[in-house]
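On the provided structure of chain Y, position chain R as indicated by the hints.
Residue strings, one per chain:
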Amino acid sequence: MKAPFSEYLEKIAPAVKAVVSDLSKDHDYVSALCTDSKGLVIRIGSKSRSISNKTMTTERGVVFRVCKNSKYSEYAVNTADWNEPEAVIRQLREELERQEALLESSSVSIYETPVLEDEPCEFFGQKDTELLPEKTDLKELTEKLISISDKGMGMSSEIIECIARAQSTHISKMFLTKNRDLRQSYVYSEGMVAAVASSGGSVKEDYKTVSGIKGPELFDEMEALLEPVINGALELLKAGPIEPGEYDIITSPEVTGLIAHEAFGHGVEMDMFVKHRALGADYIGKRVASDNVTMHEGALCAENVTSYFFDDEGVMAGDVTEIENGILRSGICDSLAAARLGVKPTGNGKRENFAHKVYTRMTNTMFDSGSYSKDEMIASVKYGYLLEGMQSGMEDPKHWGIQCIIQKGREIKDGKLTGRVVAPVIMTGYVPELLGNITMCSTDREVFGSGGCGKGHKEWVKVADGGPYLKTKGRLG
Amino acid sequence: MKIEQIKELLEKSGAFAWRITQTKTKRWEFYFIRHDLDQNRSADIENYQITVFVKSDDGKGVGSASAEMGPDETPEYVELTIKDLLFQASLIKDAYYELKAPAALPESEETDVDLNRISADFMDTVKKLPETDEVFMNSYEIFVSDVKRRIVTSTGIDVTEKYPVSLLETVVNARNSEHEIEFYKLYDSGTCMKKDLTADLGKTFEYGPARLSAGKTPSLGKADVLFSGEDAVRIYEYFKDGLDCAFIHMKYSSFKKGEPIAEDITGDKVTLKTLKFLDGSSMNMLTDPEGTPIEDRTLMEEDIPKSFHGGTKFSFYLGEKNTFIPGNYEVSGGTKTADELKKGPVLECVFFSDFQVDTMSGDLFGEIRLAFMHEADGSVRPVTGGSISGNMKEFVKSMKMSTDRSRYDNALIPSYTRLSDVTVTGAE
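If you read the sequences in order, they're chains Y and R. Take my numbering: the final residue in the first sequence is number 1009, and no numbers are missing along the way. Take my numbering: the final residue in the second sequence is number 429, and no numbers are missing along the way.
Chain Y extracted, bound-state conformation (with noise of 0.2 Å):
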């Protein structure tokens, strides 16, 4: 079925078109941005269970954007009357002229920026779902965690938690202005199982995900996670130090999409580039990583937990071809730095959520497969070590560091793998030598869409990565 479109949304668009009309008469551009999402948490341990509405991206609200005299302000509302679009804009008005009063008694002066397009558009897009969060069959899905969950406890006495947490959000958003009126539903679904394994006074935690484009249904798939993460949780209880160095690594697709992520998706967001925050600004046409990289970004080039059909600026979502055979081609861009930089906005500009501010923001985030299988790979090591599981990242766009927290490795010598485990380890470098070392790319290619990104240590959102198996050098620790 599609996914259903919000009544509540339905209800109050006249409200908000008649607050946007009434603004639009003194003010260069306006526009609003309206969610309604729904959501879905259950979390099933040995010790501690819960059921809840709230997701990352659950939310009910209505931001306007408004420009005058090359200034753009926000006012973000859920408090409002829709039966009295008067009083929004009387209250509207009245917070942001408090706020004009300080910056002028503070003597600010405005980074002046051009208005914004406002092609007309209609648009209304519904994606495919079996199954609606908040019309689930709740208790064969608890009872479903809690089989997984008492299972992963009796597999080891060294485990002492097993954790099965299924979520999913049904997103309904709406865009409007005087001359665009776009509206999107669609379900995306992550899940997870994590096994905590203690010995001897050590405690290690392993995890693995499913997440898509889809409904409750996918969480079929979380039964085939618990045999590995038990396994691997126990893994890590033996896993030894790694003797710090650079190596020839393999990193393993979610490791992939971790670098990708972290290399060249925080590195060519543009409005980093207006802040002269990005050294990808001087290296667009430039050479970034060996011929073997291709990597794109966009909403429309996978299918996972943020491919959504416009963007929170109402700009239909794009695929970005961001490095072509190591060529730097292009970055990502949402509009106001768009328009700043006096180039189109890709589909990138995200939100929190309404009540948050509009960045320039990743998607899909992925590495083009190659043409060696993951066994060649292996084989062709003389010394090094197969990476596997991500915890964290981060990067220095300014001066392309990057720092990958990853879960293991598995030690490889003379082309075979030996069975010896090192954990954790942390993968550092220099950007355009870790992607200008990789010689090889499996032919096969995941995505991952569980986790969140933060711009800076802040403002959370939905993203997706992966690719393929990459044969290249890091410097681990």
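Bear in mind the hints are in silico, worked out from the structure with no lab data behind them. In this text, all values refer to a predicted model and were calculated from it rather than measured experimentally. Relax, there's no trap hidden among the hints.
What the simulated footprint calls covered on chain R by chain Y, stretch by stretch (three residues with Cβ under 8 Å from a Cβ of chain Y suffice, anywhere in the stretch; the number is not a length):
id : stretch
1  : 35-47
2  : 121-127
3  : 164-177
4  : 381-394
When the alpha-carbon atoms are kept at most 30 Å apart in a straight line, the in silico DSSO-like pairs for lysine-lysine are as follows:
id : chain 1 : residue 1 : chain 2 : residue 2
5  : R       : K163      : R       : K3
6  : R       : K61       : Y       : K676
7  : R       : K84       : Y       : K667
Derived list of chain R stretches under chain Y, where covered just means 3 residues or more per stretch with a C-beta under 8 Å from a C-beta of chain Y:
id : stretch
8  : 88-94
9  : 346-357
10 : 365-376
Built from N, CA and C at the ideal position, the CB exists for glycine as well.
The following block gives chain R in isolation, referenced to the frame of chain Y:
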């Protein structure tokens, strides 16, 4: 929909227990590129979180389910939601526990949060920083919130608090003829702490030239590493989380009351106390998120746990009474001066990409953006690149702390913390 209507519906619902948390937030935001306004924003948000608890038929278990909703839901929708929550809570069962009864609270005056004045203070503070052509503000973002929170429970808790929450994000750049670098920092606080901000950002400005001239971090193998600032807070969270009833019950922490947290401790010993009030903190509240009063309490004295902290459920399981979820805390126990701790050889890390401590496993790691290599002969040189790693379970045995302390939002901790035998992977 008003909270009294929700309360009435819950009272009639037959739930074993329930809790409503109403949060109203008015927020002002200002975004700057250099000192030009990128945009200004205002937000007016209200949310209700309703949690319903259901006792199992045999009386041995309790299930809970919660829902968040905005202020414009109809009574019919709320009634239906409560019905759904009762069903959902019946599907899951934790071991039996009870919500806490209300406790006496000190009288408090309602805080007046002046968004205009606090925002102006932030703008003024940043404008007055000693910028030069070489070191300057690249961009900054100001967030000031006036938060009003009311918690009502079936056991009779009904507490309302109003408080300010602020956040300043700064990006400081430094440049010479060859290259340009940046330092990213987030400052959480209640209101604008002008003096603290000026001092800390002033220090960051001083680090600029050092970062521009920094050499590559040498591969030191095992070395002493000195921490300060927000990164050191991550280290003390290992102790705080280890004292959490949830961590104890889940066996993620092996801390036991009356027993040292490690054997063969030769270094300084940590004393950790919760604080009701800490000047400048964004967490100066009378009660925790469950409506339980917060107290000044010693949780650990000289590496020996004295009492645990935590929420209702896990405290009940451990038989811990009078627990709460702490907001502010302080750490003391240091015996050294800053100069003594900087005595080489030691690598003083002042900026990481993202320093992390996994409080469950104890693993710590971070990529070095800027560090100072203090040699045994007293010479000091700036270095960059490479990473550090190790495990807190080993470090607690020999860690050293300064006697003087600094506040980072809700944590008052030793200004300097020195860990031994940290693995340093160089960049050379």
